[in-house]
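Engineer: Given these sequences and hints, build the entire structure.
There are 2 protein chains.
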Amino acid sequence: MTLRMYDLAGADPARRFSPYCWRVKLALAAKGLPVETIPWRFVQKDLLARHGGEKVPLLLDGDRAVSDSWTIAEYLEETYPERPSLFGGEGGRASARFINAWADAVVMAGLVRLVVADIVKVLDPGDVEYFRTSREARFGMSLEAVQADRDRQVEVFRKDLQPLRMMLRTQPFLGGAAPLHVDSIVFGGFQWARCVSPFKLLAADDPVEAWRQRMLDLHGGLARDVPAFD
Amino acid sequence: MTLRMYDLAGADPARRFSPYCWRVKLALAAKGLPVETIPWRFVQKDLLARHGGEKVPLLLDGDRAVSDSWTIAEYLEETYPERPSLFGGEGGRASARFINAWADAVVMAGLVRLVVADIVKVLDPGDVEYFRTSREARFGMSLEAVQADRDRQVEVFRKDLQPLRMMLRTQPFLGGAAPLHVDSIVFGGFQWARCVSPFKLLAADDPVEAWRQRMLDLHGGLARDVPAFD
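Protein sequences, first through last, are from chains A and B. Residue numbers for the first sequence follow the UniProt record's numbering, beginning at 1 and rising by one. Residue numbers for the second sequence follow the UniProt record's numbering, beginning at 1 and rising by one.
If you're looking for bench data, these hints aren't it; they were derived computationally from the structure. Quick caveat: nothing in here was measured; it's all calculated off a predicted structure. Don't take each hint at face value.
Said to hold, decoys possible - Just so you have them, the derived chain B footprint on chain A, three or more residues with Cβ under 8 Å:
#, stretch
1, 44-53
2, 88-97
3, 104-111
4, 150-164
Said to hold, decoys possible - Computed far set for chain B versus chain A, every beta-carbon distance over 10 Å:
#, residue
5, Ile38
6, Ala49
7, His51
8, Glu78
9, Glu82
10, Arg83
11, Glu90
12, Arg113
13, Phe139
14, Arg165
15, Val208
16, Asp217
17, His219
All C-beta atoms in this analysis are idealised placements derived from N, C-alpha and C, irrespective of residue type, glycine included.
Structural biologist: The structure is reproduced here in structure tokens:
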């Protein structure tokens, strides 16, 4: 039975911009598991509640519903062990927990300050009020104010990527010579940003940009060939 | 044949404070390999040059001399594969490269601003001029000026540890249920700091502090039972 997954979409149903959904779509591709994605909007909480979920990604595998990008990755690794490993062993799985935390605390937290007001422009009209209200409450200011100083903030963001850059001196992927799920975890944020904003995140000669391009090439251009800004 | 290792020492030859040497000593303990450490001071470059090295840690294994804490860890993993793994598989080794970079770029770079002037007080008198001159050139200011605002800087440092803290919500070590070499890589910095300075780095209720205590307990208190400030 084909896997199905609720996947956040914009006004254009083909614009799929959730970073956490991208982590899962890349994990499914790495496992060679086809998936039927179902476009979902923020206001459609009832569609997820039906399966006991509250947020996307929500994966449906036969009778089972699995939520949360990390939980889904572990579920896929355990349920489909005969397919290529997402983690490259137990040490890799454990370290991926830390890299997942770094991606959320540093990469995602840095990116949101650079593109959050741009998201509104690609949202389905029915999602705009929910998105603006919930995010402005979180930041305590308008979304436009959050990203107002992004030309300066992007320098901080680039500096915070230094560990990634240092690692790329010795290997082409976080996973080593070939990508592992840790690459998709970090890349999810970059993919999210390019799906919602034309803002330039990385200098052209940044090794992180070269890695991002390699990630866009994976699985026949799975992440590249979608509605996006760059 | 017993392994030997040049290990940075202070005025008290028992005070061994190099974070990179600690990474290796913990790796050797994890592999169950006894080592004879040789106290070494910064001005003794000739002792290392004899073996083709420039910096500690420098490990002597029979006829072979291996430098650099990362290179030594890989050497031990490859040379003693029948002993407990440092990385927990290839995925773990690849991810450890990133965590090593994070430890250097974030943890070490943060710590040095908090304790660098205190180091001078524990150095062997013959090392003081070399250390002060080389480090002040690197910072472009006196060591006292570097750590002058440490009561404020420590807040930045604690905030930068957030990925570690998030990970510790779900597992007790970077290595998962048990420590792996990635734990020693990060811990090396904390061990360095406690060997040279009484400055309090972590709040008592910080999960990172609980992890640090667990690391101090490893291998019969190998890192705890040494000349240190806390």
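Engineer: Looking back at the hints listed earlier, which ones does the structure fail to meet?
Structural biologist: 1, 11, 14
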